[in-house]
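Work from the hints to combine the two standalone chains into their complex.
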Amino acid sequence: MRRGDSPGALARSVALSRQQRSAELTAELRPAGLAWRQNGHAVLAGPLARLAANCDRGFTVLADVWQAEPEEHAAMIELAGLERVDYLASFPHLATFPICLDPDEVNLKEFTGREPLDAGGAVRLTGTAPVREVLTPAACYHVYLHHQGESLEGPLHLTTRNTCFRREAYYEPLRRQWSFRMRELVCLGTRAEVAEFLASTTSMVDALCRELDLPVTWELATDPFFQPARNPKYLAQRLQPTKREALFGDLAIASTNLHEDHFGAAFDITRDGRPAVSGCVAFGIERWLYAVTRRHGADPAGWPDVTAAALRVVAGGAP
Amino acid sequence: MSSDHPGRVGADRSVNVEMLRSWVARKAKDLPPEGLADDLPLLEGRHLTSLHIPELILLLEGLRGEAIDVERLQAGDFRDLRTIAARFLVGGPDPDAACAAETVPARSRGASL
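The listed protein sequences derive, respectively, from chains Y and C. Every letter in the first sequence is one number past the one before it in our numbering, and letter 137, counting from 1, is 1036. Every letter in the second sequence is one number past the one before it in our numbering, and letter 69, counting from 1, is 74.
Worth flagging that the hints you see were computed from the coordinates, not collected in a lab. Keep in mind it's a predicted model, so treat the numbers as computed, not measured. Don't take every hint at face value.
Simulated restraints, written as ranges between beta carbons of each label pair [claimed, not checked]:
id: 1; chain 1: Y; residue 1: T1089; chain 2: C; residue 2: V95; range: 31 to 39 Å
id: 2; chain 1: Y; residue 1: I998; chain 2: C; residue 2: P59; range: 33 to 41 Å
id: 3; chain 1: Y; residue 1: P906; chain 2: C; residue 2: D44; range: 45 to 53 Å
id: 4; chain 1: C; residue 1: K32; chain 2: Y; residue 2: A926; range: 56 to 64 Å
id: 5; chain 1: Y; residue 1: H992; chain 2: C; residue 2: W28; range: 32 to 40 Å
id: 6; chain 1: Y; residue 1: E1095; chain 2: C; residue 2: R77; range: 31 to 39 Å
id: 7; chain 1: C; residue 1: D44; chain 2: Y; residue 2: L1024; range: 53 to 61 Å
Ideal Cβ positions, reconstructed from N, Cα and C, are used throughout, including at glycine.
If we strip away everything but chain C, and leave its shape as in the complex, we get (with noise of 0.2 Å):
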């Protein structure tokens, strides 16, 4: 997925981190009292789902300044707002080199059940 968000290359990681943030206060619906932890889960917990990833891929493009491969994305890598920002925000553009999310991948194929 290709993005056309405006590149933050080189910007401060706190910025990009709250950028993230905001974004998700934004849009995440039925958020706790305590409101939006780093830890919420944030699809598990259904406060994002589906329509949402596509836009936040390209909002985490914009930020990274580099496109992100959808075929490399694993179980987890959005579960909440500090595995976003240690797996596409914090090490680079390599999305390998800042995993901290679980590493099992689906397996797909044209006579799914």
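So that you can see chain Y by itself, here it is in the shape it has in the complex (with noise of 0.2 Å):
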């Protein structure tokens, strides 16, 4: 920023850093397989949807390692039951509502009788349908609710993937998007098996990098709150931390996460007659997808094998 420029100036030279990186990118991967829709979705083709595929594998062979149950959720999620963590207080500019016409015929027939887009390329939506769903903002709510009212009876370990949305102010290929793909290993349990799952997978996480020839640091993080100051959750994490994301350079591709009994107790899950505590550890694939390429270039042939490194960690030395 030169002396003199405008904060407008500094964010419209931010915005056109931004898209010129964007562009670069793109045409980089193409061969590889990318293409970027400006809305913040990426499309993964031929070698990079291999990788990516790849990548996947790699994370599930670490959950292998905790006998994981694996679980497919649906793409969207129901807001009376996320409402117990008071979801759409904490991160509502993140949220993507699916939304239905109502399916009165007369509104039907409104709706079809006349052009469906406006010159923006906008809905011009008649009567809407109730909203009860959110698109899953993250692929492991779904397993508190869909295990809620449950005594444990020892340590659950699941792996579940979703493709998540989350709204930003701008996104970017490979690195910001408003459509995901994550990869999440997840416990239930005591505090003890729990803290053991989220150090394991953590020391994992770090000899795959390793093997990847991937640097990363480990930083303290919090999530993204609205209006951070105001709260609970977000006070919380920056007193008593209990997130940390894997830094490849300034992007997180991997996190881990203590959830406390946060969720066990919104969703009545009982580890030892008290609220289950909960962690998690999550990998953002499309971001692995960055680092890999950042890494060893955007020709396939200069790929590592994901899985078969993941496999060497395991055989390495399980916890």
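As structure tokens, then:
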């Protein structure tokens, strides 16, 4: 920023820089299968799609160490359940809602009786049905709803993957997307069981990054709360950090999260007669693609086999 | 965060610490049989939870007679009674003046995982 530039000029400069970076990355990775939609969605095809699948298999190799049960959940989640943890008050800015037309025939006729889109490409909605769901914002939320009311006899290890949706102020391919793929490993149990899970899995992620020659540093982090200074959960995360992120440069490619009994209490999941403690390890799959391609180049021939690397990590010393 | 709590600027330090101790003793759950020790880990031990934090900040603001900038809160600041008192009640209004806590800032960004 030059002396005398206004904040507006700086913002335009930053936006231009991001656009340029997005364009360069997209051009560089197009032969490998990347296409970018300006509204925040990436298309992965061919080699890049195979690398994404390879990364995900590598993460499930780490999950297998815990004999984690796989779960496949829907793309959306009921807000009546999620609101037990005040999701919308904490993250309204990130939420994306699925919306449907009111099925009343008169309403549908009115909708079909005119051009469905306006000049800007926005849908000219008529009456809409009540919105009761949100598109999945993080893969592991489903797990707590699914297991609500359970009394656990031992630690419960699960793994799930979902396409997640987070509305952001801007988007960049593979770095910050409206829709992206997230693999999570989850543990519900006592505090000691969850602490062991997080510590051991963090070590495995560290080892995996070394195998892949991805330089990462771990830093404390907080979730991106709305109006954080007013949110007790944000204040608690600052005072008693429970989130750590593995940073490739300035980009978080994985995180470990200790939820304490936040979800166990909200969803009546118990262990040893007390609300279960939970923790998760999350992998942003597109971000791993970014890290691998920045480190090893755009040519698929130079990419490491992530699954094989994970198998070497596990063979080298499972927890 | 600003406070409507009546200020006690100039109040005896031991009075403020006792008011803090009394508040924590009322709010904390699952205290050990030996009671509320000065070094009992309050958040880590889940004796206090996130829901208590805004009220505790308001209490401290009232006792110090000065607002606390929540963006300057750091990991460990509310670890135990001794730390809270040293950080917010002993060293005067500048929270950096009496830091007895870890100084590991947490980072926050819009696209956290």
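Distance restraint hint 31 to 39 Å, applied to the beta-carbon atoms of Y/T1089 and C/V95
With Cβ atoms ~37 Å apart, the hint holds.
Confirm or reject the claim that C/K32 and Y/A926 have a C-beta distance inside 56 to 64 Å.
holds (58 Å)
I want to verify a distance hint. Is the separation of the beta carbons of Y/H992 and C/W28 within 32 to 40 Å?
holds (33 Å)
Quick check: does the Cβ-Cβ distance between Y/P906 and C/D44 fall within 45 to 53 Å?
Distance hint for Y/P906, C/D44 holds at roughly 46 Å.
Between Y/I998 and C/P59, is the Cβ distance one that fits in 33 to 41 Å?
holds (34 Å)
Within 53 to 61 Å or not, the Cβ separation of C/D44 and Y/L1024?
holds (59 Å)
Is 31 to 39 Å right for how far apart the beta carbons of Y/E1095 and C/R77 are?
For Y/E1095 and C/R77 the Cβ distance comes to about 33 Å; the hint holds.
Hint violations for this structure: none, all hints satisfied.
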